[in-house]
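Turn these sequences into a full structure, and let the hints steer you where they fit.
Here are the chains, one letter per residue:
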Amino acid sequence: MAYPAATFVFLALIAVVIVLGFTAARWNAGNLEHIEEWGLGGRRFGTWVSWFLIGGDAYTAYTFIAIPALMFGAGAVGFFALPYTVLIYPILYLVFPKLWKVAHKYGYITGPEFVRGRYGNKHLALAIGLTGIFATMPYIALQLIGMQTVIGALGITGHVPLILAFTVLAAFTYTSGLRAPAMIAIVKDLLIYLTVIVAVIVIPAELGGFGAIFAKIAPAKLLLAAPPAGSTGAYSGYATLALGSAMALFLYPHTTTGILSSSGPQVIRRNAVLLPAYSVMLGLLALVGYMAVASGVKDMPQFAAGFKQYGTSFAVPALVLEAFPGWFAGVAFGAIAIGALVPAAIMAIASANIFTRDIYSQFMPGSVASGEAKVAKLFSLVMVAGALVFILVIPTTYAVQLQLLGGMWIIQTFPAIVFSVFTRFFNGWALLAGWAVGIISATWLVALNHFAGSIWAFHVLGFTLPSYIALATVLLNAVVAAVLSLPMNAFCSDRAGDETRAEDYV
Amino acid sequence: MIKILLLLVFIMVLAVPFYNHATPALFGFPFFYWFQIALVPVASLLIYIVYRVEHGGEK
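Chains as they are written, first to last, in my numbering: chain A, 1 to 506; chain B, 507 to 565.
Be aware that one or more of the hints could be misleading.
[Stated by the list, open to error] Capping the alpha-carbon separation at 25 Å, the derived lysine-lysine pairs in BS3-like fashion look like this:
hint	chain 1	residue 1	chain 2	residue 2
1	A	K105	B	K565
2	A	K298	A	K216
3	A	K122	A	K105
4	B	K509	A	K122
5	B	K509	A	K101
6	A	K122	A	K298
7	A	K298	A	K221
8	B	K565	A	K308
9	A	K98	B	K565
10	A	K98	A	K122
11	B	K565	B	K509
12	A	K105	A	K298
13	A	K101	A	K122
14	A	K216	A	K308
15	A	K308	A	K298
[To be verified] To be clear about the criterion: a stretch of chain A counts as covered by chain B if any three or more of its residues have a C-beta under 8 Å from a C-beta of chain B, and this derived list gives those stretches:
hint	stretch
16	155–169
17	207–215
[Stated by the list, open to error] Here are some chain A residues the structure puts well away from chain B; computed CB gaps all over 10 Å:
hint	residue
18	Y3
19	I201
20	A229
21	S236
22	R269
23	V280
24	F324
25	G371
26	F451
27	A482
In short, the hints are calculated from the structure, not lab data. Idealized CB from N, CA, C, for every residue including glycine.
Here it is as structure tokens:
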């Protein structure tokens, strides 16, 4: 065992979390044979539990590894994570209290279900639901990779620990539903805040202060490159990456589930005010990537094998092992591993809700409402097992590329979900056509980038406008949906299919 | 119309050319970094004001 103290603390934390996961079923006990109880915690989480749950859900283990790794490798552009996570809050405030009210009134537990109620169109809802499931699958896989990186950093090799961890995850998700990640999220976030606060106090003190850390960063990486003449260059790349990512975040099934499980619109609004605390944490965490540069872990022989295997993702684990005493490294790694379990559980539950409500009950004859929770529980096992197979069979780079593509896909549900909260101007079939154009054009542009880059340089009237592909293609999607809606509303209106009422949206 | 404050959040955050500078530095942080971190509490405060004006009295 290379790091006995770290390994011991790490395993002890994981054990505590497993016990919590299984006891969570009894917390505010509800009938877990009902899907609103299993898959949405009975819509009863108050301001603080929702704060931990949504924060634990959106800021994942992958974030903790990948954002500092991007700063470590690419510099200033990696800091887009900060403006991204600032912009999600006005969107949360404007859109989701309304969505909660409609969902509560009509018993919707997923985004696609709302779309089906709004347009009376189960095919549009199917497209939105499948987009969510396909975007989520590689996301769960990336949580596994985050976990694998810290387990590997402890010197534990082989796939057995990962398989064990996810068997346990599948088991407590099955028995406790959303209550399990809600309870574990509290432990996870306290550990993450503790780790980040200690890191930004202890490590700069060891390295001679923040001024000395920034001085070690190559000047070309410290700021965004100034754009060349006739181009908006890195500026529009940075801004569109932040805006597009922010528009996409709450459309993911797991984040929608986190929001809909709160006890009311006021809880969501208060969280739009309180959740930015996580953005400060993320900003500081991003700078840990620079601390890793300044500490010189990249050239230390004991970490050479780790960097060779995990690339820049090894920057954070290496710095943690270098800068902290063994037991605290165990705390930090425990925080990251638990940070993988919380979102992975919510992702599995959210996908299961979608499968049950938007695919199984709509397209499989003979399904009954009383069997819903059973179907959802079984499908959550399929999601976890699928992600595990994904990791064991497919190389890591593919999971990263698919996650990139997943972001491009999920934003294509923005017009159908977000616009529909404010207007019934659109036609359901027009939204489906816009969605298809968006998915195809985004996938095509990412393929032209060899699945490696998310920015495309558009040439408009002699100007070059580099833009996040997701943002550009969702604009196209919205234009197609709007233009097609005009004639369709005149000749084949689907307004009669709307089961919601105008006063639901006030 | 207090919602206009939320638009202000978008404008500040997306004004990349305004904050892509090394100076003035603060506590060793180049402007690019401390300005964006400082935007977080500002955004939170603006959302809080909108919340208080629109829904402050509700439970």
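Numbers of unmet hints, in rising order: 4, 6, 8, 12, 16, 21, 22, 23
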